[in-house]
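Build out the structure end to end from the sequences listed, making use of the hints.
Chains as they are written, first to last, in our numbering: chain P, -10 to 253; chain Y, 614 to 939.
Just so you know, the hints here were simulated from the structure itself, not pulled from any lab data. Please note that a few of the clues may not be correct.
List of simulated lysine-lysine pairs, DSSO-like, C-alpha gap at most 27 angstroms [to be verified]:
#, chain 1, residue 1, chain 2, residue 2
1, Y, Lys934, P, Lys251
2, P, Lys6, P, Lys190
3, Y, Lys740, P, Lys206
4, P, Lys251, Y, Lys928
5, P, Lys251, Y, Lys876
6, P, Lys6, Y, Lys904
7, P, Lys6, P, Lys98
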Amino acid sequence: MKICVLVKEVPDAAVQKRIDPTTGRMDRSGEKNLNPYDTHAIEAAMQLKESGALPVEEIVAVTMGPESAVRALHKAVSLGADRSIHLSDAALAGSDVAATGYALAQTLKRESPDLVLLGQQSDDGECYTVGAVVADHLGMPSLTQVIKLEVEGAATLTAERQAEYGYDTVRIELPAVISVGDAINEPRYPSLKAIMGAKKKPLESLTTADAGIDPDKVGGDHSAAHWVSAKEPPQKAAGQIIEDEDTAQTVERIVAWLDERKLI
Amino acid sequence: MGNFLVYALDYQGAFNKNSLGAVSEGARLAAETGGECHAIVVGEGITDELAGSLGAYGATKVLRVDGPSGLAQPVVDAMAAAVAGGSYGTALFGGGLLGFEVGAGLAARLGAGVAMEVTAVRAEGGKIVAERPILGDSAISQIEFRSPVGIIIARLNAFEIRESGAGPATVEDLEVGFSDFSRRAQMVTRGEQRGADVDIEGADVLVAGGRGLGSAEGFALCEDLASAFGGSSAVAATRAVVDAGWFPYAGQIGQTGKTVAPKLYIAAGISGAIQHKVGMQASENIVAINKDSNAPIFEFSDLGVVGDLHKILPKLTEAVKAKKGG
Ligand SMILES: Cc1cc2nc3c(=O)[nH]c(=O)nc-3n(C[C@H](O)[C@H](O)[C@H](O)COP(=O)(O)OP(=O)(O)OC[C@H]3O[C@@H](n4cnc5c(N)ncnc54)[C@H](O)[C@@H]3O)c2cc1C
Ligand SMILES: Nc1ncnc2c1ncn2[C@@H]1O[C@H](COP(=O)(O)O)[C@@H](O)[C@H]1O
Chain P
-10 MKICVLVKEV PDAAVQKRID PTTGRMDRSG EKNLNPYDTH AIEAAMQLKE SGALPVEEIV
50 AVTMGPESAV RALHKAVSLG ADRSIHLSDA ALAGSDVAAT GYALAQTLKR ESPDLVLLGQ
110 QSDDGECYTV GAVVADHLGM PSLTQVIKLE VEGAATLTAE RQAEYGYDTV RIELPAVISV
170 GDAINEPRYP SLKAIMGAKK KPLESLTTAD AGIDPDKVGG DHSAAHWVSA KEPPQKAAGQ
230 IIEDEDTAQT VERIVAWLDE RKLI
Chain Y
614 MGNFLVYALD YQGAFNKNSL GAVSEGARLA AETGGECHAI VVGEGITDEL AGSLGAYGAT
674 KVLRVDGPSG LAQPVVDAMA AAVAGGSYGT ALFGGGLLGF EVGAGLAARL GAGVAMEVTA
734 VRAEGGKIVA ERPILGDSAI SQIEFRSPVG IIIARLNAFE IRESGAGPAT VEDLEVGFSD
794 FSRRAQMVTR GEQRGADVDI EGADVLVAGG RGLGSAEGFA LCEDLASAFG GSSAVAATRA
854 VVDAGWFPYA GQIGQTGKTV APKLYIAAGI SGAIQHKVGM QASENIVAIN KDSNAPIFEF
914 SDLGVVGDLH KILPKLTEAV KAKKGG
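Laid out in structure tokens, this is it:
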């Protein structure tokens, strides 16, 4: 069996994210990293493989992104992927969620995966939706925000997740697309050896033409959700901040604050 | 500009509040643009009465589809069929989880544009414009659609529920041929309530705990503080700790939990993710204790305390008790 894991390069958590006001796109100039949510998807793939619950022969990390995204693939490989695929083409820049999902689905079709895993959200785009778009294009059943994944039969999984009314348990037949929540596992740290070896694992670079992507369906100009402008949110009066240096004093100030507002 | 098609989620004989908000919003926009607002419901045995009740919120017609409930892909099939047979310009979803999955699947199916986490929608110059806060709500992007149908997925509690309708809506049954893959996921159990039944909705004071508590045992610190306040106070939690099994689901605040608005909300070890914020931002007074001065929760708290909750909470509990006693 083959598991494809979709991974994304995002601005590092320490970088103050901002939008370039002229293009409406994310300013991607700062330090970048593998989307932390995607490490849970890689770990889920590794656990399925290592436990022998599914006869997993290969884990393939797939990304769509600029040249620098290769580093996210190296990281994915150091966490356990056997090889990786990098979809990169100027024509893809500025793609919205629907176009991104279409492009990723076209790339995945060449691999015929038995299972596609994703993270619950990208740390920058925060759309929560790429998985559902990919699934519809691939014609596979799908579920997002999964926090427990068990193998039920040769080609059936049981997935749990929290939805509107509590926890749902869903039986899902492979091939399927599953986005995992961050509560599903504790991702491992890569070993030094794995980090060193990551660059030697096969990495395939694809253009839109290679992946059979219709260039008229991707990129900012062809995206159906069109960013027109950004505006400032209404200003809210900043709250008061207390830095805790002397806890007795801190607590005194909190109590005084509560007391002033008749909250005690 | 076309009509509005709103997905309405029902469970145990009632519609989801966010769906009612979305129907109300669809009706408002339809009235403004000279169109109609229709709702679509998918499930087994949905009665005429229940489906028709969406008329009160301004839906003139309800399309009823007999199919599996609680899963997104059958709803995508149903809405794609409805769009093929109607003249819709906008598909609208209330906040929640299913709406994200259905809206995204529908975008793929129709080749349509989709905007999520939307907090406001307006009609302007013959177009629909959706507002989506981004980057931790530090900016609001405005989005238009180039596709014949635009898909809008709202943020939780974004739309006000308004009973603007005249009476029951016309209920029309829609036959849908479900995709083969939509049938390859089946609900085994739905809406399981994990942990004890705690009541947080009526409380005046809520002490909410997050991953920063460190363990299930950490909740004792919240319980102690809540009982020091006495009266109508309770303990609540984030999804992270509910998923970890530290606290009952019934006490979860946020997108897939409860919406609360107590007089005082105290967050201990909570980062303030959007999905949590949407369930508690209407609280009258928000106090946050977090050791990370960059935690997003400080952006929307009235009093922010930067420090270790393990040091602060026990002393705060003592001080509140002393104040109460004195
Ligand atoms: C579709 C979807 C639905 C969701 N629904 C919900 C929902 O309904 N409710 C919800 O809450 N979340 C929901 N989430 C999850 C949400 O995105 C966050 O992951 C979650 O709210 C984080 O919980 P947390 O604040 O407890 O944990 P974290 O984000 O891990 O934050 C822990 C915080 O504790 C602080 N901390 C650590 N140690 C200490 C210490 N000793 N003293 C003081 N501070 C400390 C840290 O600085 C950190 O800020 C949802 C997510 C998605 C994608
Ligand atoms: N450009 C991309 N390349 C590969 N995977 C992606 C990309 N964008 C999003 N994903 C995957 O989709 C998940 C959800 O992202 P989003 O819908 O943007 O919040 C991420 O955790 C990734 O697994």
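Right, here's what the structure says about each hint:
1. Lys934/Y <-> Lys251/P: Judged against 27 angstroms, a Cα distance of about 15 angstroms means the pair holds.
2. Lys6/P <-> Lys190/P: violated (31 angstroms)
3. Lys740/Y <-> Lys206/P: The hint holds at about 22 angstroms.
4. Lys251/P <-> Lys928/Y: Holds: Lys251/P and Lys928/Y sit about 20 angstroms apart, inside 27 angstroms.
5. Lys251/P <-> Lys876/Y: holds (10 angstroms)
6. Lys6/P <-> Lys904/Y: holds (21 angstroms)
7. Lys6/P <-> Lys98/P: violated (33 angstroms)
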